[in-house]
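When you get a sec, could you build the whole thing from the sequences and use the hints?
Chains A and B, in that order, are what the protein sequence lines are.
Each residue of the first sequence is one higher than the one before, starting from 1 at the first, in the numbering used here.
Each residue of the second sequence is one higher than the one before, starting from 1 at the first, in the numbering used here.
Note that these hints are calculated values from the structure, not bench results.
Treat the hints with care, as some may be off.
[Stated by the list, open to error] Quick partial rundown of chain A residues pointing at chain B, CB under 8 angstroms, derived from the structure:
| no. | residue |
| --- | --- |
| 1 | A64 |
| 2 | G72 |
| 3 | K73 |
| 4 | L76 |
| 5 | Q77 |
| 6 | Q99 |
| 7 | G100 |
| 8 | N102 |
| 9 | S104 |
| 10 | P105 |
| 11 | S112 |
| 12 | T124 |
| 13 | C154 |
| 14 | Q210 |
Backbone N, C-alpha and C fix where the C-beta goes; we use that ideal spot for every residue, glycine too.
The primary structure of each chain is shown beneath.
2 protein chains.
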Amino acid sequence: MNDLKNKSKTHDEEQAIFADRITDVPRSFIREILKVAISPEVISFAGGLPNRDLFPVEELKQSAISIFDKAGKEILQYSNTEGYMPLRELIAKQYLIKQGINVSPDNILITSGSQQGLDLLGKTMLNEGEEVIIEEPGYLGALQAFSLFRPKFCPVPLNNEGMNIGELSFLLKKSLAKLMYTVPEFQNPSGISYSEHTRKEIAALIEGRQLYIVEDNPYIELRFNNKRPASFYSLLPKQTILLGSFSKTIVPGFRMGWIVAPTHIMDKLIVAKQAADLHTNIFTQQLVYEYLTHFDNDAHIKHICDVYGRQRDAMVRAINDFFPKNVGFTIPEGGMFLWVTLPEGYSSMELFDLAIKRNVAFVPGNPFYTDGKPYYRTLRLNFSCSDEKTTYVGIERLAGAIKEIKI
Amino acid sequence: MNDLKNKSKTHDEEQAIFADRITDVPRSFIREILKVAISPEVISFAGGLPNRDLFPVEELKQSAISIFDKAGKEILQYSNTEGYMPLRELIAKQYLIKQGINVSPDNILITSGSQQGLDLLGKTMLNEGEEVIIEEPGYLGALQAFSLFRPKFCPVPLNNEGMNIGELSFLLKKSLAKLMYTVPEFQNPSGISYSEHTRKEIAALIEGRQLYIVEDNPYIELRFNNKRPASFYSLLPKQTILLGSFSKTIVPGFRMGWIVAPTHIMDKLIVAKQAADLHTNIFTQQLVYEYLTHFDNDAHIKHICDVYGRQRDAMVRAINDFFPKNVGFTIPEGGMFLWVTLPEGYSSMELFDLAIKRNVAFVPGNPFYTDGKPYYRTLRLNFSCSDEKTTYVGIERLAGAIKEIKI
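Laid out in C-alpha cells, this is it:
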C-alpha cells in the first residue's frame, strides 16, 4: 500500500473532492489584518471584540459553582434541541420588558452564537441562486454564512438612516428574495442605526410579500443615549426573524445566542439545528440562566454602556481635533464601531500601510462590500477595546497617516 | 397594516419559502419513541445516553473553579476557529499513546460535538446528487447531517465483521463516491465492530481512489475486552478522516468533539466552521483540558467500561435465559448498544406496541435504514443506562412480548 500513499495529488484532483459551495465563501481578510495588528506597540482599532476587562468573571464563577452543586448530572447530559426552557422564557420576558414585544418561548431556539442562526437560516431557506437582500457595507459573518448556500446577493446601500429606500423600492419591483438581512442598531461595520421613519417605510414596502426581514441585533442593549426606535418585529411580527446574542452583554466565549421565528419556520430550524450539533452546550445555557437570575445584569450592561460611551466620545473628540475636515464619519448611538469615509481619490488600503508604520491599525472597508464595488475609501474603527487616552493617541497617529497620503 | 397581518398563508405558500434541502431530512422517529418511553414504570432500552450516574461532576466543578481563578478573562473572550491548541495537542498525544497513530494538532479542529463534524464534512465535500457510502443499518445522526446536502446514499449492509465486502466491492466498480461513512467500533445501532480482516480488505479496495473513509469513533474507548484492531487511519492515513468525541468519556452536555483531516481538507473545514459558529465554546474547551490534565480520566473510563460491561453481560444473560432461541442478537465488545433480529415474519413495530403495554421500550430498527428497505424485524437495545437487575427484569418483559406475537 505504501507506494500509492506517497503519490502526491495534483491541485485539480484535490479541488475535485470539494463541494462547489465551499469555493464561494469569502476568505476572512479581517483575520489577516488582525495578525498584523497583534504587536504590543500597535494601537488597534481593527478588532471587533467586547472589552474583556468588563467580563463578569466572579459572578459567572459563582453561578458555575451553584449549578454544579444544585444539578450536577442534569447540566451535563444530552439535552433537547430547542434549548433550556427557563432561559427561553427569560429571553421572552426580556423582549416584553425591554422592547415591548410579544415573543413565545416556543418560538425561541437557543443557538451556538447568533452566527449559527445565520447558518440555520441559510440552510432552511436558501436554494442556490435565490436572492438575499443585504446591507452594503454589511456584516461579513452573514455574507460568509449565507455564501455556503450560493444565493445571489442583492446589496442595498446604507445611508445614515438605514437602507436607501429608493434603491430598496426599485430592487423589490423585480426581486423574488425571501430573506432581507439587517443589523438595524449600531450596524457592523458602519455604526449607523435605522431611523423610525426608515423602519416604517421598509415595513410598508415588504408587508404581505413572501419576504422575511432578519433583524440581527447583537448590540441592541449597548445604547448610549436617545430612545430606541420601534423594532421591525413590532412593525411586522409575522415577517420578522430576530437574532439575539449574549456575546456583547455577558461574554462571547460561551457562543450563546438565539433565533426567534414564526412557528412554521421554527419547525424547520429545529430540524436543521439537530442535524448541525444536536443542541447548544447545556451546561453554559444553565450557567447563563443562573447568572441572569442571581445577578443584576442590567446594571452590568449600564456599566458597559458608560465605558463604551466614554470611549466613543474620546474617539469622536479626537477625530474632530485631528482629522482633516473633508474626512466623513458616523457618530454611533451605541455598539462598538464607527465608520470613516475618506475624501474622493483616497484609498483605505494605502492608508492601512501608512498607519501600520505609525503603529495604529483599523479594518479597511473593502471586505464589507460584495464583489465588484470600487468603493474603497472607507474604514471601520472599533472603540470598545481602547481606553480614552489610548484612543486619543491612536486617532492622532491615524490622522498623521491620512495627511501623508498624496493624491 | 393590520388587515394583511391577519391573512393566514396557505400550505403551498408556506412551503415555497423553504429550501429544497430541508425537506429531505428524515424526521427523528426516535424522538417520538423516547416520549412514549419516559413514564417511570417503563424500563427503557430505547435511549442512546451515557449513564449520568458516572459523570465526573465534582472533578469538573473543581476544574471550572480552577480556570476561572487562573484565567478568568481569556476563557470568556472570542477565540480562534481551530480550537484551544493545548487541547488539540493533548488529543494528538492520546492518539499516539492509545492507538499508535501520528496526528498533528494542526490537523485537528475542535467541533461542537462530533455531530458538527458531520455537518462540516457534508458542507465541504458533498454536491447535490453525489454519492455517499453508508452502513446499513446506520447512524441516524449522520444520515440527517448529510441529507441536508442532498447526496445519493449508497448503503452497504453490515455483517458481524463490518461492511459486506462483496457488496462494497460491487458498488465501487461504478461508484464515484467521495465519502464513505463508518462507525467501526461498537457501531450504533448494531453494536458490531469491524474485524481486522475486514478493515484491511476495505483499505485495499479504496486505496488510491478519490474516496475518503470517515472513521467515526465516539465509543472507541468503551472497549470491555479483547484487543482493538488497527484503525482505518493506521491503514490509510491520507484517505481517512477521524471523528472523535468527549461525549461518552467525559460528558455529552458540553457538546465537544473533534475532526482530524488531511491539510487540504482541513483548510476548507475551518472556513465552514467559521461560517457555522465562529468557534466552539472556549470556556468548556479549557475546562475539559484542565480536567484531563488534573484528573485520571483513564481510570474514569475504566470505571465506565466496568459498569457498562457488567450491564451488557446482564443483558446477554437475560436474552439467553428468556428469548426464544430463534431470535438473533449481537454481543458487542463495547459501546452502548446491542442489536436484535427477530425471526422471519415478525415486525419490530408490532413488538413495540406489545412491549409498551408490558412497560418496556426499545428502538425498532426501521429508522436506521434508508428508504425502501423492507427489513423491519430488527431492534436496538441500549445497555448503558439500566443496572443489572433492571436489565434482567426488562428483558424478561420483552421476551413475554415477543412470545405474544402471532405469525
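Hints, one by one, checked against the model:
no. : hint : result
1   : A64  : holds (5 angstroms)
2   : G72  : holds (4 angstroms)
3   : K73  : holds (4 angstroms)
4   : L76  : holds (4 angstroms)
5   : Q77  : holds (5 angstroms)
6   : Q99  : violated (18 angstroms)
7   : G100 : violated (17 angstroms)
8   : N102 : violated (13 angstroms)
9   : S104 : violated (16 angstroms)
10  : P105 : violated (19 angstroms)
11  : S112 : holds (4 angstroms)
12  : T124 : holds (5 angstroms)
13  : C154 : violated (17 angstroms)
14  : Q210 : holds (6 angstroms)
Hint check: violations occur at hints 6, 7, 8, 9, 10, 13; the rest are consistent with the structure.
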